[in-house]
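Asks: Residues per chain, in single letters:
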Amino acid sequence: MSQIATKKRIGAEAVEEKGWLGAHKWLLLRRISQLSILALFLLGPLAGIWIVKGNLNYSYTLGVLPLTDPYVALQSLVAGHVPETLGLVGFAIVLLFYFLVGGRVYCSWVCPINMVTDAAGWLRDRLGIKGASSLSAKTRYWILGMTFIGSAVTGMVLWELINPVSMLHRGLIFGIGTAWMVVLAIFLFDLFVMSRGWCGRLCPVGAFYSLIGRWSPVRISANKRSACNDCMDCFEVCPEPQVIRPALKGEGKGVGPVILAPNCTNCGRCIDVCSKDVFTYGLRFNNPASTEKSGT
Amino acid sequence: MNSKTPKSNAARRQFLFDSAKMACGVGMLGLGLGLYAKQSKALPALALRPPGALPEDDFLGACIRCGLCVRDCPYNTLELAKPEHPVATGTPYFTARNIPCEMCEDIPCVKACPTQALDHQLTDINKAKMGIAVLIDHETCLNFLGLRCDVCYRVCPVIDKAITLDMQPNQRTGRHAMFLPTVHSEHCTGCGKCEKSCVLEESAIRVLPPKLAQGSLGQHYRVGWEEQKKAGGSLIDETKMLDLPDRLPEGAVLPGHYDPASGHTEAMRGMAGSEAGVIPSLPPGLGGKP
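Line by line, the protein sequences give chains D and V. Heads up: the first sequence begins at 1 in the numbering used here, then just goes up one per residue. Heads up: the second sequence begins at 1 in the numbering used here, then just goes up one per residue.
This is chain D alone, in the form it adopts within the complex (with noise of 0.2 angstroms):
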């Protein structure tokens, strides 16, 4: 243990290397982006400028473009509910929209809940707090399908009533009430209880996302993976770190680079951390089963 109290800390050598802004640079346009939906949300009843309306289940914005959370609309039409037109045509922006980025590009670069995870990873990290329970990353997935028949059954959109990620950004739009209890509770469960244990086990909103992007053409691809000197940093900085073994260590077994793992959240936190470049945004249909020449 002693070794991970004097172990560098994660990126320092790609900070070292990119300068601090280098190896910070799609951590702070996540945070950017985040922050700046939030902040468009929020403009109506804080300034009274409404650019848009609603929350995430769904907006309506400038009086034109209307979003719709299809994992919630799907709840729904499971409980027997047609959304109207507007409602419909909503979901069929969304899910194409995150069909195209990337499905978990929604966990990582809109859902406030991930800076509340972030934050708790962080922290985690810096107090150094190892071990403690686990479970399955499948979890959530069972979750999802428990919500789709509990809907069915119960006639409710049934993750409604707990789901910490809307709750939150209702919270903040609509009056946050005791929400912010719920979200202390997650923030202290990552700290604490368990390791990226919302984000990367339970949440069924995520899972559901990860669905959508299934296919999805925009990935991260190790393409320059010979020049890998197994520091671990990636590992260690990624939300989802079983998503990179196959890409980045495939060369031998003939898999390509790119991280066709749906649940890559698209964040780029291991383009950030990677002193050697290794990593970046590129197309799944690029993924040739050998780049040895191609590297370096």
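Among the hints, erroneous ones may be present.
Keeping only pairs whose Cα atoms sit at most 27 angstroms apart, straight-line, the calculated DSS-like set for lysine-lysine is [stated by the list, open to error]:
| no. | chain 1 | residue 1 | chain 2 | residue 2 |
| --- | --- | --- | --- | --- |
| 1 | D | 253 | V | 7 |
| 2 | V | 21 | D | 130 |
| 3 | V | 21 | D | 138 |
These are computed hints drawn from the structure, not numbers from a lab.
Fit chain V to the given chain D structure using the hints.
Replies: Here is chain V on its own, set in the frame of chain D:
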């Protein structure tokens, strides 16, 4: 253990074990969530849904908790339930005593709804059924005390239809009238302006969900006089109706009384005898003009 494929056997066993573990764990979560769902279907009596809202069970399946109705309400009547409110989290509701519905003619809240949770068929706000006003306390209502408050009646947007003042003699003074506010459910939209404006410390008139406010006749029940009106006459051949003898003290005579022995009906008080004979089923003393 099967010696042929020990590896796949072990893997299958592990798979089944893991699946069972998941199914049980997530099943427990689902059960808890389901029970919670059942609880949250119980909307508190004083929480009212926006106009056009589907019945509560359907509403909770159709509403996606976006708050567009809240945003488009010009009077800030609606709010989204917070987790600590006794209303399903994130769904819109209003409390009449705080801010009632102003019954906008263009119904912006319904137009804003991206689902059918607020029924887009509702285009006439006067047909809304957010609830039904009930004059719940006859002991403190000022009009029931014989005073002329009338505020609930005056503020009613459907005045003289949804609320009327019904005159009754004031038994206490013996010489005055009481003007009792009376709600007529077919016209009341449940906007809650009466409840909001009741001058008492606790409102004597309250908007309740129809389920709480209304009784309901049995399905088989037919109200005779209405059926008669619909049919334009009695549904049975009244000339063939039997009238059983009334037991009366000997020698006594009741107006309207049918005596099977003579086949003759006694003339009713203040009525032509022939008229009483037309309706032999009429009980004695009833049906006549006072």
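Asks: Against each hint, give a clear statement of whether it holds in the structure.
Replies: We went through each hint and held it up to the structure:
1. With a C-alpha separation of about 23 angstroms, the suggested pair residue 253 of chain D and residue 7 of chain V falls inside the 27 angstroms cut-off, and the hint holds.
2. For the given pair, residue 21 of chain V sits about 25 angstroms from residue 130 of chain D by alpha-carbon distance, which is consistent with the 27 angstroms threshold.
3. Annotation: proposed proximity of residue 21 of chain V to residue 138 of chain D holds, straight-line Cα distance about 12 angstroms (limit 27 angstroms).
The structure shown violates none of the earlier numbered hints.
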